[in-house]
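Chains A and B are the protein sequences, given in the same order. Residue numbers for the first sequence, in numbering that gives the first Met the number 0: 0 to 346. Residue numbers for the second sequence, in numbering that gives the first Met the number 0: 0 to 239.
Don't take each hint at face value.
[Claimed, not checked] Pulled a few chain A residues facing chain B out of the computed Cβ check, cut under 8 Å:
(1) Val197
(2) Glu203
(3) Asn204
(4) Leu210
(5) Gly212
(6) Tyr213
(7) Arg340
Calculated from the structure, these hints are not laboratory results. Just so we're clear, the structure is a prediction, and the values are computed from it rather than from any experiment. All C-beta atoms, glycine included, are put in the ideal place defined by N, C-alpha and C.
One letter stands for each residue in the lines below.
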Amino acid sequence: MRLYGTFNGTLVIAGLAIIFTLIAPSIFQFFTIITLTQVIGLSILALSLALVWGFGGILCFGQSAFFGIGAYAYSVAAVNIGGSTGSIFIAILAAAIFAAILGYFVFYGKVSDVYLAVITLTVSLILYSLMRRTSGPEYKIGKALLGGFNGTGSAPLNMPGDGSAMLFPMQTFYVSMAILIIAYVFTGWLVTTKFGRVCISIRENEVRTELLGYDTRLYKLCLFSISAGIAGLGGVLFCVGVTRVTPDVFSLGQSALAIIWVIVGGRMTLIGPILATFVLYFLTSSLGSQQILNANLVLGIILVIFVLIVPNGVVPTIMNWFERRRIKRYARQKERRMKLRKHRAIG
Amino acid sequence: MARREVVVETRNLSMHFGGVRAVDNVDFELREKELRCLIGPNGAGKSTFFKCLTGQLRPTSGDVVIRDIIMTGRESHEIASLGVGIKTQVPNLFDGLTAFENLWLSSRRWHGDRRANTLVKETIDRLELGEIRGSIVGSLAHGQRQMVELGMVVAAEPWLVLLDEPAAGMTDEETFKTAELVREINKTSALIVVEHDMNFIRAISDIVTLFHQGSIFMEDNMDVISADPRAREIYLGQKT
Ligand SMILES: Nc1ncnc2c1ncn2[C@@H]1O[C@H](COP(=O)(O)OP(=O)(O)O)[C@@H](O)[C@H]1O
Ligand SMILES: [Mg+2]
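The following block holds chain A by itself, in its conformation from the complex (with noise of 0.2 Å):
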């Protein structure tokens, strides 16, 4: 992976994107427009994931944690503040700050990567039975009941500065989309930044980049803090989609599935985990609706042969080809001109 990506790409795949959301809805039907904002948190958390651990290099196995706090946070502050527009700045606040304090410790204590990992998914299980305990009436937040492990209701959107004027489901999945392009720009021109590149160096050699003069911590912290952030805003537009956010955004198959979408994708881009987010989504859920085979077996196989046979993702995989094949095609011309030049140089 080169440092310098480009954030040209970047833009070409937004541009794809924009395209996609406008001819959606004459492809789609209307009930699978309506299921797609899930899918788009869903998403953002696998991008929120590819930022912190492909970019970064900091295996967080409790991503969801995150995921999950955004869309609690969301829920509560909607109920309480009576508007979505506040209460996703609020969502995303929450995961970034719950972030940063974790990120203090560990990262500041100097826990080893392998500890990192299941100090996350700790978290994030700790948060899962702490959220299933909540059921009685005394657990509420302002006016918002917790629910225990029922969940509580997610608002939906609104026009900004009108709590009544609800958004319509074609326009929850145009803003949906929009803060998909937008959480996907900022990360591709993140990770092309002086910050991002130092991220990058991290995960290259972490030594050699506190010997050049980076205080290695401090980026690592804020990385962490603003995938949270990211994986929060996932979390928002997943818990609208479903109307309701339970436990179940804390528990072990949340974060798993998150790191089975950055693996197939590909953990060094940022487009491919998105992808591959939609791409499994929806072939596990038409799994699902058939009995013959098992929609978590067909989803562990396909991890399986990924990690096998094509271990970098799919799309750095298919990027490769490409870039071979320039490569031989340019080889080519080159062996073409110079017979074309003996050629001529012996007639």
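The hints should help you fit chain B with the ligands onto chain A, whose structure is shown.
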């Protein structure tokens, strides 16, 4: 001539690993624009001393003082942030990135985007790395990797340079080039160079510090050291 200012100083510096006194009560001084070689047989404690200077190890006792600031036990990045360029004994590169990117990361720590780019280009010309500037450094030959690492040091324009065995594993030609480069760096910076290669040391250095069993055995110019029978025994005796 007034003596130049001391820029690096260690006071009673010791680093013990269990019972091993890898560095034992070392008092050391390096002055502005000085070029100092550290020599000594394998296991003499040179790299351990070096790691105490660069913050990779926290000394058991004693102090490291850089430009009158006590830096004992500080993090590596804090020491590097004083303007210190470091090359460790084990190759330390960003293996997945290109030579250009490796140099850029070093230079960008100190300079704005545009200045960093110019500096990296200049360094690439100076070290004749043009052919490999776009190559992933993980795939380069050992000598080339060493050169890239030196390039990283140069591209940051440090005022103090610490090199642990810069010429290890290089061809004669590369060693010669490195020696030249070290002398050139010395025009603007002070240096501490740990080396084994005698020819290399003769080519570059003025005063040499001989380490033996964790302590400074003697400190003099190379001619005096090679004429000293005990030093010869310590150094040359072990070398062959
Ligand atoms: N991390 C360590 N743990 C234990 N012993 C060490 C460690 N690093 C170095 N030593 C010991 O300290 C002594 C000095 O080693 P070193 O500084 O690498 O020598 P040099 O660089 O002069 O060859 C050796 O005896 C070595 O085995
Ligand atoms: Mg050594």
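Here's how the hints hold up against the structure:
1. Because the beta carbon of A/Val197 sits about 7 Å from the nearest beta carbon in chain B, less than 8 Å, this interface hint is met.
2. Taking 8 Å as the C-beta cut-off, the interface hint given for A/Glu203 holds, the closest approach to chain B being about 4 Å.
3. Using the Cβ-Cβ criterion of 8 Å, the hint placing A/Asn204 at the interface with chain B is satisfied: the shortest such distance is roughly 5 Å.
4. With its C-beta approaching chain B no nearer than about 5 Å, A/Leu210 sits inside the 8 Å limit, and its interface hint holds.
5. A cut of 8 Å between beta carbons decides the hint on A/Gly212: the least distance to chain B is about 3 Å, and the hint holds.
6. The beta carbon of A/Tyr213 comes within 6 Å of a beta carbon in chain B, closer than 8 Å, and the hint placing it at the interface holds.
7. At a threshold of 8 Å, the smallest CB-CB gap from A/Arg340 to chain B is about 25 Å, leaving the interface hint violated.
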